[in-house]
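**Q** Listed here are the chains, written in short residue letters.
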Amino acid sequence: MMFGNGRNGKNGSHDKDANGTIIALCGIRKVYDTGAIKVEALCGVDLAVRENEFLAIMGPSGSGKSTLMNIIGCLDTATEGSYRLRGEQVTGLTIDRLAEIRNRRVGFVFQNFNLLPQLTAYENVEMPLLFKGTPARERRARVQHLFEQVGLTDRMLHRPVELSGGQMQRVAIARALACEPDIILADEPTGNLDTTSGRDIVGIFEELWKKGHTLVLITHDAAIAARTRRVVRVQDGVVVSDELAA
Amino acid sequence: MRTLSLIVRLFRSAAKIQRKRMVLTMTAIAWGTIAILLLLSFGEGLKRSLQQGQHGLGESLVIIWMGETEKAYVGLPAGRPIRLIPDDVELVLKNVPEIAGASGEMHNWNVQLVNGRTALNKRVVGVHPAYGELRATYPQAGGRYIDELDQQLKRRVVFLGNELAKDLFGAGDPVGKTLLVADMPFTVIGVLQKKRQMGMYGGPDSDRATIPLSTFEAMFGRRYLSNLIYKPATDDLSPAAKRRFMEVLGGKYRFDPADTRALYFWDTIEQAKVFEKMMIGIEIFLGVIGGLTLIIGGVGVANIMFAAVTHRTREIGVQMALGARRLYITGAIVLESLALTFLGGLFGIGIGAAIVQTLAAVQAHAKSEAMEFLGQPTISVPIAVTTVTLLGLIGLLAGYFPARRAVSVQPAEALRFE
Chain C
-19 MMFGNGRNGK
-9 NGSHDKDANG
1 TIIALCGIRK
11 VYDTGAIKVE
21 ALCGVDLAVR
31 ENEFLAIMGP
41 SGSGKSTLMN
51 IIGCLDTATE
61 GSYRLRGEQV
71 TGLTIDRLAE
81 IRNRRVGFVF
91 QNFNLLPQLT
101 AYENVEMPLL
111 FKGTPARERR
121 ARVQHLFEQV
131 GLTDRMLHRP
141 VELSGGQMQR
151 VAIARALACE
161 PDIILADEPT
171 GNLDTTSGRD
181 IVGIFEELWK
191 KGHTLVLITH
201 DAAIAARTRR
211 VVRVQDGVVV
221 SDELAA
Chain B
21 MRTLSLIVRL
31 FRSAAKIQRK
41 RMVLTMTAIA
51 WGTIAILLLL
61 SFGEGLKRSL
71 QQGQHGLGES
81 LVIIWMGETE
91 KAYVGLPAGR
101 PIRLIPDDVE
111 LVLKNVPEIA
121 GASGEMHNWN
131 VQLVNGRTAL
141 NKRVVGVHPA
151 YGELRATYPQ
161 AGGRYIDELD
171 QQLKRRVVFL
181 GNELAKDLFG
191 AGDPVGKTLL
201 VADMPFTVIG
211 VLQKKRQMGM
221 YGGPDSDRAT
231 IPLSTFEAMF
241 GRRYLSNLIY
251 KPATDDLSPA
261 AKRRFMEVLG
271 GKYRFDPADT
281 RALYFWDTIE
291 QAKVFEKMMI
301 GIEIFLGVIG
311 GLTLIIGGVG
321 VANIMFAAVT
331 HRTREIGVQM
341 ALGARRLYIT
351 GAIVLESLAL
361 TFLGGLFGIG
371 IGAAIVQTLA
381 AVQAHAKSEA
391 MEFLGQPTIS
401 VPIAVTTVTL
411 LGLIGLLAGY
421 FPARRAVSVQ
431 PAEALRFE
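Those protein sequences? They're chains C and B, same order as listed.
Residue numbers for the first sequence follow the working numbering, beginning at -19 and rising by one.
Residue numbers for the second sequence follow the working numbering, beginning at 21 and rising by one.
Bear in mind the hints are in silico, worked out from the structure with no lab data behind them.
Because the structure is a prediction, the values reported are computed rather than measured.
Some clues are possibly wrong.
Said to hold, decoys possible - Reference listing, derived: stretches of chain B covered by chain C, where coverage requires no fewer than 3 residues with Cβ under 8 Å from a Cβ of chain C:
#1 39 to 47
#2 65 to 74
Unchecked claim - Only some residues are given here: those of chain C computed to face chain B with a beta carbon under 10 Å:
#3 THR47
#4 PHE88
#5 LEU99
#6 SER144
#7 GLY146
#8 ARG155
#9 LEU224
Glycine included, every Cβ here is placed at the ideal spot set by N, Cα and C.
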């Protein structure tokens, strides 16, 4: 509310979180200024995601879907527009506050896993808990529980190179869940996996959704998008369609 | 506390990779440390060696030569020569309490010395017994210096410089042997202990024969001193001693105590102060050279840290995505840099100290004059403190700047990095 910047008249209902809205994007623009040329990756995106939605953002490469995910995940800041996460105005927050939001509110799953290679799977999952400041005993129990959830208890002490792609992605999902985030963001989570492993991963996501988690998937795979409950299509920096599954 | 343990954890995880790079960095720092350590140690050694050389003339010594008055005084004209006699030493000691010891000195620079078939023409000096102590001319074991009794009885005894003794008597011990000094038989009572003498007048002490002043007077029929030396009770009293000295002798010989030409002073105390300043200059110079070398090592560390940080950009991006505060990331990088610098420094100090010790041991047995002059390299506490402080500072800076750069980008950008 304090940082409202005049664009929010259009979609006023999203400003309230009473109705379970987790993400409220309003008039988001993102311009990459490389000096010589300015590239407008997002040109006025409005999007609302409510609690326990299972959403796919689709679009061809260069459509701005990754930029959109970065902004939703507080990995990047919008050039213009307002973004509320659970009612909290995110635009204009300090870098360390944003780090805290990423730590506690958002869980990331990346296409290329982004596990730290020199650490064991256990240590990778433990990391967000360390940043959060969870006490050691609680941390151990939590990590143990997470590995049980993704079915990898026998691989906890392996390094990422000793794991298959599917296993790595499951470790990444465990890591994303570590701090019980409000939302899980997955950027092409099956992009580097074979079909079987990919299906398994989407299966895990479905299960999480059934348990009450909110998930946003970025994908260009129609088969995966078909398994979600809502598909948002992005093209040339704008939302072109927003359909609920039957 | 939590922050610290987190930083240590991140540091440990980073330390698991790139061992080779770490070794190279540490080598650079070790090299710089060795350089600064050696330069400063040699500076210290040179300083001590020079100080020692200066003391070869005698510590806190003032030497006076006779001059001519420049100012007319109590009706006497300018241009009168002032000549001191042996009794003036007594007079000065009695009337100038600031003076701790004094001796007269008479020189004859061409006296024939004969031992058997060896004949040499050398300088012979007549002195008071106090001269030995004042001028740091100590006898070798088995010998002695000229004493009061020699002076009172005008004994024909001679104290030889070590080089002169070797020239006259060869390798054998000359003490107790007879030497002809200007055709008169003298007994050798002692030989000078080898010493390094930098300041000198009338040739080095090692190449002269010394006899009691009273004997000298009688033998050569001299009345006047060639010069007079004294030592003030303390260095601080030197100006007061000089003033009183001029007043006492000015009273006796009737010259203005402010007449600077009546007597010439060579004040080694003043000289020592100048020397001290010069040495500080040399040490600063050596320190700066060493410091610059160390800084080059530091630039190496910064460079490698930059490379390491760039290499780990994605990893840092992941950590940021997972919610690492900036402090955790910068802290880990600075810690890494400090650890590298510290380890490198430790090796450097170890190797440097070993080199210094070895050289010092070699020096102790060295015969060459040049090596002797270089002195024994010495590691002192200030050197160690300087080195360690510089190392810490370098480590901090070399880590801080790459770290600041690492966290200055958006996590999204860091994650895109290939």
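**Q** Sort out which numbered hints this structure fails and list those numbers smallest first.
**A** 1, 2, 6, 7, 9
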